[in-house]
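Chemist: Start from the sequences and build out the full structure, keeping to the hints where you can.
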Amino acid sequence: MNKGYIKVVLALLSVAGYMQNLVFAIDSISNTNSSNENGKQQSPINPEEAKQAADVAADALNIARKNIENINDYKPYPVDNEEEVTYFKEVNKVYVGIINVTIPNPDSYVGIINMLWDVNGERSFDNAFIKGNVSKVYNENLVIRQQRYKNYLWGKHYNVVANKIEVSKDETAIVLASSDMKDHAKGDYRPYINPLVKSANSFKPEIDSEDVVINGVSIRMYAHLVAFFIKKEANCVKITNIASYEHMDPMNSDGPSIIKLTAAKLINIIKLKDIFKKK
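Letter by letter, the sequence shown follows residues -25 to -1, 1 to 254 of mature numbering (1 follows the signal peptide of the UniProt record, and there is no 0).
Rather than coming from a laboratory, the hints here were simulated on the basis of the structure.
Beta carbons: idealized from backbone N, C-alpha and C, even for Gly.
Some hints here could point you the wrong way.
What the hints assert, rightly or not - Label pairs and their in silico Cβ distance ranges:
1) Lys173 x Asp48: 19 to 25 Å
2) Ile189 x Ser143: 19 to 25 Å
3) Ile46 x Glu208: 14 to 20 Å
4) Glu58 x Val187: 34 to 40 Å
Unchecked claim - Pairs of lysine-lysine residues, derived as DSBU-like cross-links and limited to a Cα-Cα distance of at most 35 Å, are as follows:
5) Lys213 x Lys41
6) Lys173 x Lys213
7) Lys246 x Lys157
Modeler: This is the structure we're talking about:
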């Protein structure tokens, strides 16, 4: 699937279809995720903003695909007591990690997709996860999320464009990418530049935030790029997870520490093997 085709499809979904999908998307997300219990009403979406969000998501998908095609230029980073191995390489002065996990249950395909797309799905496999919030809806498969995590005395959060794409009947991709969004967080933050998804650098929407973010009780981090490729096969489901973060942790800002923090995020996906094991 070429880049131009993906961009056209996503743009059509976001601009031509967002009006009719908006009510359904908000209802669907509020029914499945407790993050919308505050009942906030979304302001009308600017069609140009929706198109720009779709373009960012399309770029993120293509960049993620490019970076998983060949792992020969990655270096292995074994994880203690885990069969799976994470791999890392440096791209544009940031570290990109990847992990492949096989779930030996082909019937788990839909459940895995639903959990990874659920804004609060991480609660099932990441002990640091606090809460997710859908800050803006373009259509049911293209949103802006705010995800919050535990971190020492203060929490952390990131804002991302999130997109779910049905690549084929048996393959789905979920991509996340941060941009310099106006989330009203209290703090002295420098302008963020995404080093991997360059189209994100002109995407600066204003979004709603949780009170802890607005009050400065959460440190803003960034997901340069996160992607899940979920593929159903005859006897299993294969997941490839690629991720790159700016952790905003001054105590762990050197290369080895960044790799360690990112690897800790990647290996959480291994827990899906137990969650979806065949009965």
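Chemist: Now, for every hint given, state plainly whether the structure supports it.
Modeler: A quick look at each hint next to the structure:
Judged by the Cβ atoms, the range 19 to 25 Å given for Lys173 and Asp48 holds: they are separated by roughly 20 Å. The beta-carbon spacing between Ile189 and Ser143, approximately 41 Å, falls outside the hinted interval of 19 to 25 Å. Evaluation of the 14 to 20 Å hint for Ile46 and Glu208 yields a pass: the beta carbon distance comes to about 19 Å. For the pair Glu58 and Val187, the supplied restraint of 34 to 40 Å holds, since their beta-carbon distance comes to about 37 Å.
As the CA atoms of Lys213 and Lys41 are separated by approximately 18 Å, the hinted pair is consistent with the 35 Å bound. Pair hint Lys173 plus Lys213 holds up; C-alpha atoms about 29 Å apart against a cutoff of 35 Å. For the proposed pair Lys246 and Lys157, the alpha carbon gap of about 34 Å is at most 35 Å, so the pair holds.
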